[in-house]
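Residues per chain, in single letters:
Protein chains: 2
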Amino acid sequence: MSTSSSIEAFKRYKDLVDEHILDFIPEISPLSKSLYEAMRYALLSGGKRIRPVLVLASCDMFNTPLHFVLPNACAVEYIHTYSLIHDDLPAMDDDDLRRGKPTCHKVFGEANAILAGDGLLSAAFESLNKDMLMYLDDPDLLKRKVRAAYSLSKGCGCRGMVAGQITDIESAERSGSEDLFNYINYNKTAMLIRSSVLSGGFLGGMDASTREDLLIYGENIGMAFQLVDDIDDVRSGQDTDKNTYAGTYGLDRASEKAMKYIKRAKDAIEKYYDHAEVYRYLAELLEQKING
Amino acid sequence: MSTSSSIEAFKRYKDLVDEHILDFIPEISPLSKSLYEAMRYALLSGGKRIRPVLVLASCDMFNTPLHFVLPNACAVEYIHTYSLIHDDLPAMDDDDLRRGKPTCHKVFGEANAILAGDGLLSAAFESLNKDMLMYLDDPDLLKRKVRAAYSLSKGCGCRGMVAGQITDIESAERSGSEDLFNYINYNKTAMLIRSSVLSGGFLGGMDASTREDLLIYGENIGMAFQLVDDIDDVRSGQDTDKNTYAGTYGLDRASEKAMKYIKRAKDAIEKYYDHAEVYRYLAELLEQKING
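Line by line, the protein sequences give chains A and B.
As numbered in my numbering, residues 4 to 295 make up the first sequence, in order.
As numbered in my numbering, residues 4 to 295 make up the second sequence, in order.
It is possible that part of the hints are untrue.
Which copy? The list can't say, so a pair holds if one copy fits it or any two copies do.
In the EDC-like style, the derived pairs of lysine to aspartate or glutamate whose C-alpha atoms are separated by at most 16 Å in a straight line are [said to hold, decoys possible]: (1) K146 with E11; (2) K274 with D26; (3) K266 with E290; (4) K36 with E173; (5) K14 with D63; (6) K269 with D96; (7) K263 with E290; (8) K146 with D134; (9) K245 with E290; (10) K104 with D134; (11) K266 with D97; (12) K14 with E40; (13) K17 with D63; (14) K274 with D63.
Simulated from the structure, these hints should not be mistaken for lab results.
Using the sequences and the hints, build the whole thing.
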């Protein structure tokens, strides 16, 4: 069971992300103000901030200072947000609503939505590179920053999120094998979540053994996350045209599979006790969702 | 006049880019092979490789080793190529042909073209971050890599290319003031060219005075580059619906303006003699285009 302290820890980090989410967006000229407006709209439209909170968990796990971790936390949310804007486009999922509000292209038009996505992806790496400049004379901290940025860039790109997305779209109209769903869920969702957890670890200077534990946690919680999302969709009758594991193999099998991932994730971080309470809370939240 | 040696230097670097352009694309799973195919198609469709050659000019200017500069040169071409894929989309310029070949979305569909662009932008920063990992134990070289990556990220994003592109699209249907064209051309085109030149400088460890010269060269050659491109379009009767400086103020005034930028660019690098022959060649190439 989640304790009230872990709920509070999670909420405190989420509030910090909400408060600072625009801080690392580069200053945009008034002549391009619609770029800023579209990016801002997407960033402030009610995200759960799971990924940046997982980066901020570095502060509990390694006593890493908040100001050192915050730019990396916001960068992963920029990337997650760009991916939602592009996924919603008419050529992709063609969604009019996201979290109950009109999607970015519905409000700002398709061209501006494409560019807002491009702007957010660029802003993620611009902010991380700018942040590195502050540590040019501190080789140890600079190394941590470089490793965290590499982890994020790997998770979001051609060996991660973008690869998963293209395979997801291409397989949307045929029934998927278990392997194919695993590939899609791993790349489309788990890789960025894994990168968030590992980014926090790199920033905290994790040792090899902790790295292994966080990797197992990140991959497994990421896989569970996508399965639970699909279970929710099936239960609520949303996105029924989408080809997902839960839609293809049924709720029982999807729930059982998700619970296995959650158990592996929890086992990997058990020994860190209170230092891992944010990680543990997310696992318990997913369990609760499965158990309705 | 361009000497045959500067033409050869330029061509040698262009050939190197053509030869290595796929080297820094992350390994993509066969399950996402259409992502790789769309990215490959766009990267191999006959680009002039101006921007990566300007990065490689670092080798002449500072005696920087080729292998040190090549990843940064290819990264800027990934970014340029992604921007062309997205610009050509139906929601943007809606172009069917690019360099005489079908555009990426015509061959691979709109969703895959959007994702191929996203993949190339991600690949640029993934390859640069991966490359930084090789210099973790050499603080001086790592600083150069970080500064070069920051320069590129700034040039391509919300204070550069993406900002210019959104303003260009929004102003397409009304007549522009000179200030507005300057803003668009500077952001949409000159910023990425400036970043290419400065990236090479950072990799070569430039001093403050050389940095100032290269900045002036990069900005001015970049502005001239866009003007000459628009002059070409007016002369050949292409893209006549586009709102450009040459289209609005006429060929004479556009040519005169471009020649001023070219002169400033050439003056800034004059004192570097043979070390700047690639930069000089590009300036002379633009002069020749204006003079027909």
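Here's how the hints hold up against the structure:
1. K146 with E11: neither (32 Å within a copy, 39 Å between copies)
2. K274 with D26: Classified as neither; 35 Å inside a copy, 42 Å across copies.
3. K266 with E290: within (9 Å within a copy, 67 Å between copies)
4. K36 with E173: Intra 35 Å, inter 11 Å, cutoff 16 Å: inter-copy only.
5. K14 with D63: within (14 Å within a copy, 54 Å between copies)
6. K269 with D96: neither (33 Å within a copy, 50 Å between copies)
7. K263 with E290: within (10 Å within a copy, 67 Å between copies)
8. K146 with D134: Cα proximity of K146 and D134: in one copy and across copies (12 Å, 13 Å).
9. K245 with E290: neither (23 Å within a copy, 55 Å between copies)
10. K104 with D134: neither (33 Å within a copy, 41 Å between copies)
11. K266 with D97: Neither: 35 Å inside a chain and 49 Å across chains, both beyond 16 Å.
12. K14 with E40: neither (26 Å within a copy, 43 Å between copies)
13. K17 with D63: Cα proximity of K17 and D63: one copy only (14 Å, versus 50 Å across).
14. K274 with D63: Within one copy only: 14 Å inside a chain, 56 Å across chains, cut-off 16 Å.
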